[in-house]
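Peer 1: Spelled out, the chains give:
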Amino acid sequence: MAKAELNPSDEQQVMKGTSAVAKGVMAADPDVISAYPITPQTGVVEKLSELVADGELDSEFIKVDSEFNAASTCIGASAAGARAFSATSSQGLKLMSEPLFTAAGMRLPIVMAVANRSLSAPLSIWADHTDAFAERDGGMLQFHAEDVQEAIDHVLMGFRVAEQVNLPVLSNFDGFILTHVQEPADIPSEEEVNEFLPPRDPEFTLDPSDPKTMGAYARPEHWTEARYEIQAAMMESKDVWAKTVEEFKEVFGRDYTEYNGMIDTYHGDADYRLVALGSMCGTIRGVIDQYREQGVDVGLVRPRVHRPFPTEEIRAALGDAEAVGVLTKEMSPGYESALAGEIKGTLYHAENQPPIKSFVIGMAGRDITAAEIGAMIEETMEASHPMTFDEQESWPQLREELLQTGGDN
Amino acid sequence: MSQSEDPYEDLTITTGAVVEPNTSRVNKTGSWRQFKPVVDPDACIACGQCDTYCPDQAAKPVEGKDLYGFDLDYCKGCGICDEVCPTDAIEMIREEK
Numbered sequence: 001m002a003k004a005e006l007n008p009s010d011e012q013q014v015m016k017g018t019s020a021v022a023k024g025v026m027a028a029d030p031d032v033i034s035a036y037p038i039t040p041q042t043g044v045v046e047k048l049s050e051l052v053a054d055g056e057l058d059s060e061f062i063k064v065d066s067e068f069n070a071a072s073t074c075i076g077a078s079a080a081g082a083r084a085f086s087a088t089s090s091q092g093l094k095l096m097s098e099p100l101f102t103a104a105g106m107r108l109p110i111v112m113a114v115a116n117r118s119l120s121a122p123l124s125i126w127a128d129h130t131d132a133f134a135e136r137d138g139g140m141l142q143f144h145a146e147d148v149q150e151a152i153d154h155v156l157m158g159f160r161v162a163e164q165v166n167l168p169v170l171s172n173f174d175g176f177i178l179t180h181v182q183e184p185a186d187i188p189s190e191e192e193v194n195e196f197l198p199p200r201d202p203e204f205t206l207d208p209s210d211p212k213t214m215g216a217y218a219r220p221e222h223w224t225e226a227r228y229e230i231q232a233a234m235m236e237s238k239d240v241w242a243k244t245v246e247e248f249k250e251v252f253g254r255d256y257t258e259y260n261g262m263i264d265t266y267h268g269d270a271d272y273r274l275v276a277l278g279s280m281c282g283t284i285r286g287v288i289d290q291y292r293e294q295g296v297d298v299g300l301v302r303p304r305v306h307r308p309f310p311t312e313e314i315r316a317a318l319g320d321a322e323a324v325g326v327l328t329k330e331m332s333p334g335y336e337s338a339l340a341g342e343i344k345g346t347l348y349h350a351e352n353q354p355p356i357k358s359f360v361i362g363m364a365g366r367d368i369t370a371a372e373i374g375a376m377i378e379e380t381m382e383a384s385h386p387m388t389f390d391e392q393e394s395w396p397q398l399r400e401e402l403l404q405t406g407g408d409n
Numbered sequence: 001m002s003q004s005e006d007p008y009e010d011l012t013i014t015t016g017a018v019v020e021p022n023t024s025r026v027n028k029t030g031s032w033r034q035f036k037p038v039v040d041p042d043a044c045i046a047c048g049q050c051d052t053y054c055p056d057q058a059a060k061p062v063e064g065k066d067l068y069g070f071d072l073d074y075c076k077g078c079g080i081c082d083e084v085c086p087t088d089a090i091e092m093i094r095e096e097k
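The listed protein sequences correspond, in order, to chains A and B.
Numbers 1 to 409, taken from our numbering, label the letters of the first sequence in order.
Numbers 1 to 97, taken from our numbering, label the letters of the second sequence in order.
I should point out that these hints are in silico values taken from the structure, not numbers from a laboratory.
Careful, some of the hints might be misleading.
Simulated crosslink set (DSS-like; lysine-lysine; CA at most 27 Å straight-line) [stated by the list, open to error]:
1. B:K28 / A:K212
2. A:K16 / A:K249
3. B:K76 / A:K212
4. B:K76 / B:K36
5. B:K36 / B:K65
6. B:K97 / B:K60
7. A:K94 / A:K16
8. B:K36 / A:K212
9. B:K28 / B:K97
Residues on chain B that point at chain A, a partial pick, calculated with CB under 8 Å [said to hold, decoys possible]:
10. L11
11. I13
12. T14
13. T15
14. G16
15. A17
16. V19
17. E20
18. T23
19. N27
20. A43
21. M92
Positions of the beta carbon are idealized from the N, C-alpha and C atoms, including for glycine.
Kindly generate the complete structure, drawing on both the sequences and the hints.
Peer 2: So, in structure tokens, the structure goes:
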């Protein structure tokens, strides 16, 4: 992240990522929190349950019997006018998927923290972005945090944006790498948040004295329009996000305003540019420093917001690169990494289309080493137009010996 | 509460498909049924088990009689009522066009 200028009136605290995010949620003062445990998210709702039990947070803390009902509880609460929060990961996000599409269609500004984790099978509890990307098309805003501070701040900014455009938010932060790290973070105070985040003021709420149906059955002559309205709200949210990061900077002193808050760059005007999401960007920055010392002009472009997709910003940040390497912890079987595909689609409209190489790495928590990132930088530098489809994608960490033997002899 | 003839006249899509109640008056969901429940009035003891279990609230007490009947505008013919009826008063018969 762009190194923030700390507000001297704030106190930095060292705490686990999940606890820090819970404290950020507390500052947003949600009326309703629904909770179902799943690794590696559990610490978020565990901490919130403590804060409620200790009387530090005045919220309805609702223990439910599945993630489906955690999301459904948020929908009911949000429809009744409450500010609602929950957190999840992986299979839990999948179980929430159906009600979350409903939340988007009902235009409910629920904020969910998603501790990103791979999806079964094979069973894995470790971090990648498969879970978030599988929810890409539902109508939820999606942010990806690089560090714990951003994970906290994205929740706060998430409520601010969500409640203006009436769409739910998935605030992603990498499982274990960010949930279980101990990191100093600036925990926002209630006074600061009161200045930044006004109470929710919904246009419609469920009210027994004025009965209505929300998310009604829509006949074919209405449904397209409902979906169009989600798209329009997504597009509007770009401007709202740009204003939100400005206001956030004024109140909290942390500066997320580069490229309207949509993307973050590190030597963003370099000849060769890597693109990546989330926590792996810390390692990437270190490797970029090493290569730059050797005279290699390489930089990083990190989308902070994935939905709405930062199309104009991506064009501005990547359109004039010599070559682009997209490093992703997700891929869409039968095609390629979804992020790489989206970046290619966005740059289709750019005057100068750089060759784009995509690398599938770090799946299900596999370590990404500095040497591997270096190799990907070098491969990106070799990329040139025209590339065949096969040349565009590589899996640098693939252990081919496991494919031949099944891994047991 | 005011009720328009067509509840969809006031559909507010922008804020989440908000509409007055009673859309089910125009969205009748029983049109694709294969079997329909038929009640034997002599066997029915009006216990209301069919009403309790009906997922579409299609089972209703028959006005003025000690008897339950079915609103076929909403009955989907699932047969749960037949399964739970303690006096075997309900028979599912094939729907004829």
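Peer 1: Each hint needs a verdict: does it hold in this structure or not?
Peer 2: Against the structure, the hints:
1. For the given pair, K28 of chain B sits about 18 Å from K212 of chain A by alpha-carbon distance, which is consistent with the 27 Å threshold.
2. Distance hint between K16 of chain A and K249 of chain A is fulfilled; the C-alpha atoms sit about 24 Å from each other, no more than 27 Å.
3. For the hint linking K76 of chain B to K212 of chain A, the alpha-carbon distance of about 25 Å falls within 27 Å, and the restraint holds.
4. For the hint pairing K76 of chain B with K36 of chain B, the CA-to-CA distance comes to about 8 Å; that is within 27 Å, so the pair holds.
5. In summary, the hint linking K36 of chain B to K65 of chain B is supported, as the alpha carbons are separated by about 21 Å, within the 27 Å threshold.
6. The hinted pair formed by K97 of chain B and K60 of chain B meets the criterion: a straight-line CA distance of about 24 Å does not exceed 27 Å.
7. A hinted pair counts as satisfied when its Cα atoms are at most 27 Å apart, and K94 of chain A with K16 of chain A qualifies at roughly 25 Å.
8. At most 27 Å may separate the alpha-carbon atoms for a hinted pair to count; K36 of chain B and K212 of chain A exceed this at roughly 31 Å.
9. For the given pair, K28 of chain B sits about 17 Å from K97 of chain B by alpha-carbon distance, which is consistent with the 27 Å threshold.
10. Hint status for L11 of chain B: holds, given a least beta-carbon distance of 6 Å to chain A, under 8 Å.
11. The beta carbon of I13 of chain B comes within 5 Å of a beta carbon in chain A, closer than 8 Å, and the hint placing it at the interface holds.
12. Evaluation of the T14 of chain B hint against chain A yields a held restraint, the C-beta minimum of about 5 Å falling below 8 Å.
13. Checking T15 of chain B against chain A by beta carbon gives a least distance of about 5 Å; that is within 8 Å, so the hint holds.
14. Taking 8 Å as the C-beta contact cut-off toward chain A, the hint placing G16 of chain B at the interface holds, the least distance being around 4 Å.
15. With a least beta-carbon distance of about 5 Å to chain A, the hint placing A17 of chain B at the interface is held under the 8 Å criterion.
16. A cut of 8 Å between beta carbons decides the hint on V19 of chain B: the least distance to chain A is about 4 Å, and the hint holds.
17. Interface restraint check: E20 of chain B against chain A, minimum CB-CB distance 6 Å, threshold 8 Å, status holds.
18. Residue-level restraint check for T23 of chain B holds (minimum Cβ-Cβ distance to chain A is 5 Å; threshold 8 Å).
19. The interface hint given for N27 of chain B is met, as the beta carbon of that residue sits about 5 Å from the closest beta carbon of chain A, less than 8 Å.
20. For A43 of chain B, the shortest C-beta to C-beta distance to chain A is roughly 36 Å, which exceeds 8 Å, and the interface hint is violated.
21. Taken as an interface hint, M92 of chain B does not check out: its beta carbon lies about 26 Å from the nearest beta carbon of chain A, beyond 8 Å.
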